[in-house]
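Chemist: Those protein sequences? They're chains A and B, same order as listed. The first sequence lines up with residues 0 to 768 when you count with numbering that gives the first Met the number 0. The second sequence lines up with residues 0 to 481 when you count with numbering that gives the first Met the number 0.
Misleading hints may appear alongside valid ones.
Computed list of lysine to any residue pairs in SDA-like fashion (alpha-carbon distance at most 20 Å, straight line) [as the list claims (entries may be wrong)]:
#1 B:Lys-248 with A:Arg-711
#2 A:Lys-730 with B:Arg-247
#3 A:Lys-607 with B:Ala-200
#4 A:Lys-649 with B:Thr-458
Here are the computed distance ranges between Cβ atoms for each label pair [said to hold, decoys possible]:
#5 B:Glu-244 with A:Lys-741: 24 to 30 Å
#6 A:Lys-436 with B:Gln-122: 55 to 61 Å
#7 A:Leu-707 with B:Asp-230: 32 to 38 Å
#8 A:Asn-361 with B:Asp-435: 40 to 46 Å
#9 B:Glu-288 with A:Asn-723: 26 to 32 Å
#10 A:Ser-105 with B:Lys-367: 43 to 49 Å
#11 B:Pro-287 with A:Asn-361: 40 to 46 Å
#12 B:Lys-367 with A:Ser-106: 44 to 50 Å
#13 A:His-468 with B:Asp-230: 43 to 49 Å
#14 B:Gly-85 with A:Lys-457: 54 to 60 Å
Because the hints were derived from the structure by calculation, they are not lab data. Glycine included, C-beta positions come from ideal geometry on N, C-alpha and C.
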Amino acid sequence: MNSKLFAFVFLIGLGAQGAQNGFAGVDFNRDVVPILSDKCFHCHGPDNETREADLRLDKQQDVFGERDGRRIVVPGDSEQSALVRRIRSQDIDERMPPAHSTRQLSSTEIDVLTSWVDEGAKWTKHWAFEPPQRRDLPAVQDAAWTQNAIDHFVLRRLEQEELKPSQRADRETLIRRVTLDLTGLPPTPEEIDAFLKDDSPGSYERLVDRFLASPRYGEHMARPWLDAARYADTDGYQNDRIRYMWPWRDWVIMAMNEGMPFDQFTIEQLAGDMLPDATLFQQIATGFGRNHRINSEGGSIPEEWAVEYVVDRVDTLGTVWLGLTLGCARCHDHKYDPMTQRDYYQLFAFFNNVPEWGLGPNNGNSPPFIELPKSWPHLSAVENRLIVPARYELNTKQVSVVRPNSGGPETVMVMHELKEPRSTYLLRRGQYSQPDKSEVLRPSVPTSLGDRHDTELKNRLDLAKWLVHPTNPLTARVTVNRYWQMFFGAGIVRTSENFGIQGEAPSHPDLLDRLAVEFVQLDWDVKSVHRLMVTSATYQQSSSTNSKLVARDPDNRLLARGPRVRLSAHEIRDQALAISGLLSDKIGGLSVKPYMPPGIWRAISNNKYAQDKGESLYRRSLYTYWRRTIPPPTMMTFNAAEREVCIVRKGHTNSPLQALTLMNNVTFVETSRLMAERILCEGGDTLDAQVNFGFRLGIGRFPTSRELDLLRDAYHEFFWKYENDRAAAAKLLTVGEFPREKRHDTIQLAAMTMLASTIMNLDEAVTKE
Amino acid sequence: MNNLNAINRRHFFGRGATGLGTAALASLLNPDLFAAREQSRNAIGGLESMPHFAAKAKRVIWMFQSGGPSQLDLFDYKPQLQERFGQEVPTSVYPADRKTTMTAGQTSFPTAPSRLKFKRHGQCGTYVSEVLPNIAKIADDICVVKSMYTEAINHDPAITFYQTGSQIPGRPSIGAWMTYGLGSENANLPGFVAMTSRGSAKAGQPLYDRLWGSGFLPAKYQGVKFRGQGDPVLDINNPPGVDSETRRKMLNALGKLNELQHTEAGDPEIRTRIAQYELAFRMQTSVPELLDLSDEPEHITSMYGKDAKQPGKYAYNCLIARRLAERGVRFIQLFHMGWDQHGNLPTQIRAQGRDTDQASAALVKDLKQRGMLEDTLIVWGGEFGRTVYSQGGLTNKSYGRDHHPNCMSYWLAGAGIKPGLSYGETDDYSVNAVVDRVHVHDLQATILHQMGIDHERLTYKYQGRHFRLTDVHGKVVRDILA
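Chain B with its partners taken away, still in its complex shape:
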């Protein structure tokens, strides 16, 4: 009998059910079968071996700043560059071979010092530019990493690299890996949610579904997109003329009919489907409840900013991210578009700051005041940095910057990250990360580590190979861990 149970269980957990559906399933079957494991881990789905060690973070919120925010104008303060205004960046510092073809043909590569004002902030004295006044105010809560670097120089491969560990599409996103490893904490919501927003400039580099996709992992691990337009989750709303009561009646009949079919066909997959319909019904309640901001007091919404109640806006997404975090969603991935300042950078980046700075900081403060920052890992950053040389004309007032992989700035907060730290250094030109370099795979390894996962041991066999998020690379950045 034990063997039979073991197989049924493997069938459900291994192949049949989604991570979401297993709680509902458990109630349909003999609860004793599931009790031991479920109670010990307080998670739904996930791998038996997880977590590898005690986790500092219960969840991750990644505020991805898409387009490539300029480190030179936000965090990587280089006052000495002012004297070199307009001088050619030496080829010894910036070799010719890894420039994008948008600027590789330029005859001149003039040094463009930042026009933005920098100041030290907080007790820690971290430099932050005037673009991010609110983030500056939480300097003592965050750890700025100035020595991040990547390998890709174009948006698509670069953002795909950050999200999936590979520049070439086809691999699972980090949130999918996390859900695969750890399962979900909430039976009525997905374990991995993605949300996107555009700034006031409306423009921006496109995003792709693969950035929250499951790659070669089963599709149940992919991020569920919460949308700012139409149904917040695709088809979550009943069609016009069908209310919840009618839906319930339909589901009652459906459940009984499917149960009859199960008696006939004997396939456990039918039971799983019954459970998925019940979960869908619960989501029809839990999602609107999640998105209903009427219980948020004014002092909270105003902290996030004037857009806090406007679906599709960054501030709204940040507020929803907090509500998702409160409900046990494991991985919350925000994307904000528009950080691609090839020209007219000083003006454009100020606008980006206005669109994102207040809400980013508010999210950290809000989590902190609720005691949730200690087990929520916050990550802020984009897909690459930007060149110190000006793309196009350089004037006293304006300049542009091209894509730049060799250094960029990130910040992290919460969940065992050392607060108030400014980590790593770039060279005098902010061209190369030179001290305490942190590669994309190192960041990914560190995020997994805070979630209790050894990045070398979270693997999935596909096409005969044991794949990892971090490929065959990655080192946990222990220096930034408290």
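So that you can see chain A by itself, here it is in the shape it has in the complex:
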């Protein structure tokens, strides 16, 4: 057994973090920091309030300094290091962490820390707070495999681990994967045929370019952004009042489709209203900052809730652009990252000048909001002008509950600045009622995040520009990492919401840096980065695996195979609609209300769900009306984000409720029927031809002969059943509002509907292979 393999087995056996990543060896950032941070920082970290013995293990000078004549860490000599002595001590009074702590070190963790000291106690600043460097392409043995820069970094790592990349996925798998990834929809049989026929050089790249230019791309890319922006159609508390933010949603789709550079995308959404001669579009973009929930519950104290809105803006900014859990510093200094409570309220000050009222109106938009011209979204230059938003007027007619004026469906909420900024104070324990009035805090960004380019950041616009300044260490990394997560199922930093000390270290740090630098050098061109990722050899690998590889790298962190990921809630429904031919291609507009189980709102709220009819039943899922307190249950079953707070990562679960939905839910039964009609119309005359057609329609490939046998047998069983129970067949065909195609035989169509349903329930149907 060679030493590398030994180290690997050693770590796997003991479950250290390195091993969970699939990597061998001990690394400061990857293996040591997480232990110190998780187990020690609570008492020996950045937070002043809870610090013990005035010792900080997050500070280099403390770690390598002396305490009572003893050095905490002596590089290369664990026996002389007080830190190692204390964590290894058998003396209950001396041992760290203390016995009463809920954070105890495992024996592996003790070994990792000891080895780290013995190997020289290498120390670096937290990687994510240093600006990314453009890393040179590492040398690889099998250069012929690589397609672009990404592959050099991935292959280098694989070769170090003595692994080989998987072969390229077959073309049917590839076109389905990339179509789903770029448009959220499956390829049509015609598209697959065309791609299979075109074996000229560059055919795959041309396919990618076509999808990048498709209007479906912008819709698909908007969805994760809407999750991050906590976009919804209601205000989110108690009676969950109606709001109208769909013009902002349509702005996002438009920006994605136009290929708006990410720096502009950032600036317009955070501070479009403050740009010189801000256009109407730029103002609407700032709806990002108003998508947070607003409490309209009678009796709420407006001052209390106004603070929550600002907090939500700060926390969202932290997650989306900085990948930091800023919210931890709301009530006290951050426990892990170099972020003080004061830093938090200095960020808070940027967002504290909106002329808003803490209590929402009884329905409708909350000021400030602006009115849309009737021609929206096709604005003339004259219409696309600066509009001063409606400010709040308080309705004091009601003695008890004071509410602001509200905006109707022709308006959209925007950000706006008070002429005189509000005074921001540090709020003790994060409480609105406990401001520290000894000092007014100026807006500023945390010093730990690098330089501010020697200029004072005075307002939101300055802040937005700082975020996309090339020296910002986080924005580009955090953003490309989210893109990576979208295509590969997990980020290079798996904790895409947290790049702080408690986040997971990157699996390929140099690759992440390279991509981040490249993103900026490409003038933040989003489509170019997406193109780079999906045209890499890494992305194009087959996702098939085997028990050996699963054992070695269960989460595919080393990327020795392509991504295999269950489709999102939106993709699953949209795919079913697309395959059945029901999907509407209409973009934007008011949110729609497709099928819902009976009484879903009425049972627990004071509203009734009024289901739409016709085309609105078949719009893409990102247009589905999103009521925050009762989100569409089918979407939630498939792990859609709740849209209550900013979410950039959602785990995928695998549950019996998903099975019940795909088998029995009206949408999926109706789409199976329509799919069956297509099979009978377009699939040819023989059963085998029809099964082949249907399987390919659903899965994107032809069935193997064994699969064909199983499907044919299943069809015969369904047919036999319905032949003996014609009434049952007729009943099945009544599900869903889309009228039935009468020319098909009832028994045949019912049996084919069951077969279509079987296909669409396959694991492969709901998985990006």
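Dock chain B against chain A, hints included.
Modeler: Frame of chain A, contents of chain B only:
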């Protein structure tokens, strides 16, 4: 080989399978891999370290009374207030700064003594008002806590606080925490079930899916809602024209096809999906069987009340709760709406009592007669109490009460809770809990404790932080434990 097994197992338990599916999974894989742990704990899913200590309760039934039941008119008897009828509540007792804006602007805050009659009940002599005559009859079985208090004064943050430990949405509900920690006991039913009902007044504060949601925990831990209308569990019924036999045939084909795909792709997640489909099929039998009340004798259903067989009613939910408890469901969360008496309180609260009192008491009695009360923890209460001063006009006959966080009454029963105890005291006005105060986090810590969980050690790392249900607070209320 051992390493490989360890990883496969971690893969299944850690990420792939739901708590529900693991039993089915175990049968698909080498059973020896699972035998040791599964046999030792008799649970499906859950954390290796659980329980932290021997549990008194195997399950929890929380009868949440949404809206904020008035402690002054149910349990917190203040006879001396009758003399102060209409007098201003002193600001020394009720400061101005924590009133809701529905009443903060009132020019007068007149004392509104309860119009409801109170009596001592049982051997223990616990005071209960005439609104709850049946609960009064089980006074010797329950422990009334009169000194509960919270921090929130509006429904949404207050109810979210009780269910998730935080006023601001985003955290897992207590049932989700429980399922995450302890797993499920029944392979064919979810470990956490939520049911809602409205009273005869039909009105009520809305509820939100997050109250039984999983927050940042994986979605498999969220409560499954049993509904009173349509499919009892969403999409549990086959579509019209598809019977169980046809479904079975479809699943046979599906299973074989997925198995072929597993051979091809090698992803263990496919095996998990196969198991989930089989579990779904079993649920299609186990849920209707659970809800089929034809085997309940008349003397049982009549004990719960006339609504016991009507889906969507509180009495029905209480009866179903017992049936869920019998089948090993770990956390059963009922919500009954309508306790928000801002005006016309005496009339309205009587109606609430009529809708809930009999069935609440029946559930306790029914569990007791089956020997299940000793390992079932019952919790009854709402999101806050109500003000001693009248909201709006005060007359001899009527008054209203606004939201009030500083004191409220709860009762608990079963599973190691001292029966017949009346715990804690409020001040003379029932404004502040003053003796043996119990905070929301203390109640949550106590519920977890009875389930064998140390609330400080049940944590989940999210956004770099180890979150707990009880945040950084909470003390187990040992005084009420037998």
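Chemist: Against each hint, give a clear statement of whether it holds in the structure.
Modeler: Now for the hints, and whether the structure bears them out:
For a cut-off of 20 Å, the pair hint linking Lys-248 (chain B) to Arg-711 (chain A) stands: about 13 Å separates their Cα positions. Between Lys-730 (chain A) and Arg-247 (chain B) the CA atoms are separated by roughly 19 Å; this keeps the pair inside 20 Å, and the hint holds. Only pairs whose Cα atoms come within 20 Å are accepted, and Lys-607 (chain A) paired with Ala-200 (chain B) is accepted, the gap being roughly 17 Å. Between Lys-649 (chain A) and Thr-458 (chain B), the direct Cα distance comes to roughly 19 Å. Compliance with the 20 Å bound is thereby established for this hinted pair.
Taking 24 to 30 Å as the suggested C-beta distance range, the pair Glu-244 (chain B) and Lys-741 (chain A) conforms, at roughly 28 Å. Take Lys-436 (chain A) and Gln-122 (chain B): their Cβ atoms lie about 56 Å apart, and the range 55 to 61 Å holds. For Leu-707 (chain A) and Asp-230 (chain B), the hinted distance range of 32 to 38 Å is satisfied, since their beta carbons lie about 34 Å from each other. Between Asn-361 (chain A) and Asp-435 (chain B) the C-beta distance comes to about 41 Å, which sits within the given range of 40 to 46 Å.
A hinted range of 26 to 32 Å for the beta carbons of Glu-288 (chain B) and Asn-723 (chain A) is consistent with their spacing of about 27 Å. At about 45 Å, the beta-carbon gap between Ser-105 (chain A) and Lys-367 (chain B) stays in the expected band of 43 to 49 Å. Look at Pro-287 (chain B) against Asn-361 (chain A): about 42 Å separates their beta carbons, and that is inside 40 to 46 Å. Against the hinted window of 44 to 50 Å, the Cβ-Cβ separation of Lys-367 (chain B) and Ser-106 (chain A) comes to about 48 Å, which satisfies the hint.
For His-468 (chain A) and Asp-230 (chain B), the hinted distance range of 43 to 49 Å is not satisfied, since their beta carbons lie about 54 Å from each other. Distance hint for Gly-85 (chain B) and Lys-457 (chain A): a CB-CB separation of about 56 Å, consistent with the stated range 54 to 60 Å.
In this structure, the one hint that does not hold is number 13.
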